[in-house]
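**Student:** When you get a sec, could you build the whole thing from the sequences and use the hints?
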Amino acid sequence: MSETKVGRIGPKSTARSQEAVCSSAHPLVTDAMLDILREGGNAIDAAIVGCLLNATIQQDMTGHAGTVTMLFWNAEQGRCHELNSMGTIVPGLAPFRPVAISSGPYTAIPEGPCAVIPGFMPGLKTMHERFGSRPWDRLCAPSIHWAEEGHEVDSFEHLVLGHSAELYMNTASGRRHFTPDGHLPQAGRRWPKPELARTLTKLAAEGPDLFIDGEWARLFVERANEVGWPIEMRHMRQDEPRWGDGLRYRHGDVEIVQQAPPERQAVMSAMVLGILHELGVAGLGHYAESPESLYYMAHALRRAAYETGFINDPEVFEDPSSVLMSREYHRALAAVLRMSRTKVDLTEHVRLTSTPGALGEGTRRSGESAGSCELSVVDAQGNWVQLVNTVQGGGVPGQVVGGVPMIGSTMTSSLTAMLGGWLTGGGRIRSVIGNTLLLRDGSPWLALGTPGIPHITVPQVMTSILEHGLDPYAADDAPRMLPLADDYSVTVESRLAPEVVAEVARMGILVRPMAPYQYQMGSFHMTWRDETGTLHASAGPRRAGQAAGL
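If you read the sequence shown in the working numbering, its first letter stands for residue 1, the second for the next number, and so on.
These are computed hints drawn from the structure, not numbers from a lab. Just to be clear, a hint being listed does not mean it is correct.
Here are the in silico distance ranges between beta carbons for each label pair [as the list claims (entries may be wrong)]:
id, residue 1, residue 2, range
1, Pro91, Ser13, 45 to 53 Å
2, Asp181, Glu111, 30 to 38 Å
3, Glu19, Ser155, 30 to 38 Å
4, Ala100, Glu531, 50 to 58 Å
5, Glu148, Glu289, 44 to 52 Å
6, Gly426, Glu19, 27 to 35 Å
7, Arg237, Arg495, 16 to 24 Å
8, Arg331, Gly309, 19 to 27 Å
9, Arg38, Asp137, 15 to 23 Å
Ideal Cβ placement from N, Cα and C applies to all residues, glycine included.
**Tutor:** Here you go:
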């Protein structure tokens, strides 16, 4: 186990197996999951191993005090289980934002992220208790090993740390952890974490309650109190992880399951797919090649992103999902888009109102943080897991306790914010989580998800698969875009043909290019079964993940 591996950004091969497959954001995590499957562990066991190891070696993305959400297809029961273990707000306490951020990926809230009770370990606990088959200490073993030995930092991790670690430079514990010798861990060097290794050794012996009402939890509450957040130990258990069935809807002959409200993904995806289907994009060509399809995709993403601002915790608010997901509503929105097309060539307007040379030139970042770690697993028993774990949504911003770094949450009460929450009623934070399961004839066919900005990217990949017939990896590889902006511009990965850019300008929209493969636009982890019964798994080209099979 001492041989370390590094990930590689760029094109990747699709894994195949007749038995079991998995995909994760790091080769070491994929190997650890395969080892558990090889030993006879199930998909839940593999996912728990993956989460714990993600949080150990990918602390630019995730952490043991963050968030876990999951869709789990239980083959024996023939049903889907949804888990939401998002970090939780403490009702009655004002938002605690101890660190103001002036630059970097956490500037969505200028005054800084707010402190949140962690949901990561409560989520893993309930997963293991309900569906796990391997001993808890065995599932912790790879994380302990790599915390002690140190994994080799790859170039992608170093790149992202340069942005995400800025928050931690505001605290003494953050500086000690992320700059142990005065510098961030360098690419090509091993990064051991002895303090985290001690915490994980206790976690293996004492179980996940260590983080809920054990020693780590007490240290967490003490640190929170020291820096001014007056929580108590009772708050660590006040809002247990929620189990449900997910939110289901149909698109053609496919049934789609995604995270239910307060998550926005299902409603967002249903709206984009529904609007585009009503507009007949399947006959117009893929949006990377068809100006009309690109125009409609940009508008549909914008409209759906706005409408899903009305989604909140259904235990606090009424739920408008059924209206937003109805075919009648999609038909009406499609009619508005179709009837608001320009009648004249607006290229000259676009040229006169943009920076000289801007048409198809320059480059932009998406403006979003790198985000989370996605896992996708299918085991030999036919169980499927699609899961995200993330540092977002848990802890005291900028603090490191027991080797566990935390960023809290960038949530705010806003119609347009990706993450939102309310400080009364005990409501969950509303987020954007990409876990998706597609069923045909009542059985799983494809599972997918991504970090980054999944509410924007998941509908694009699903449209590529369901409307345009691309295979899953090709759909992930295709250029992605942000929603149409208020200034009639659309930011797209710069792999469009010049004639597409020119034709979109005729319709009044300026194309602003990003890098050809922009890592903030996510990188999908998918598993699927083809018509022969063969299992496939893929990791996307924008990041350094890996897929494999037994």
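**Student:** Does each hint hold? Answer for all of them.
**Tutor:** Taking the hints in turn, this is what the structure says about them:
Checked against the hint of 45 to 53 Å, the C-beta distance between Pro91 and Ser13 comes to roughly 49 Å, which is consistent with it. Roughly 32 Å separates the CB atoms of Asp181 and Glu111, a value that falls within the hinted 30 to 38 Å. Distance hint check: the CB atoms of Glu19 and Ser155 are about 33 Å apart, consistent with the given range 30 to 38 Å. Taking the beta carbon of each, Ala100 and Glu531 are about 55 Å apart, inside 50 to 58 Å as hinted.
For Glu148 and Glu289, the hinted distance range of 44 to 52 Å is satisfied, since their beta carbons lie about 50 Å from each other. At roughly 43 Å, the beta carbons of Gly426 and Glu19 sit outside the given window of 27 to 35 Å. A hinted range of 16 to 24 Å is violated for the C-beta pair Arg237 and Arg495, which are about 49 Å apart. The hinted window of 19 to 27 Å between Arg331 and Gly309 holds, with their beta carbons roughly 22 Å apart.
For the pair Arg38 and Asp137, the beta carbons lie near 18 Å from each other, so the given range of 15 to 23 Å is met.
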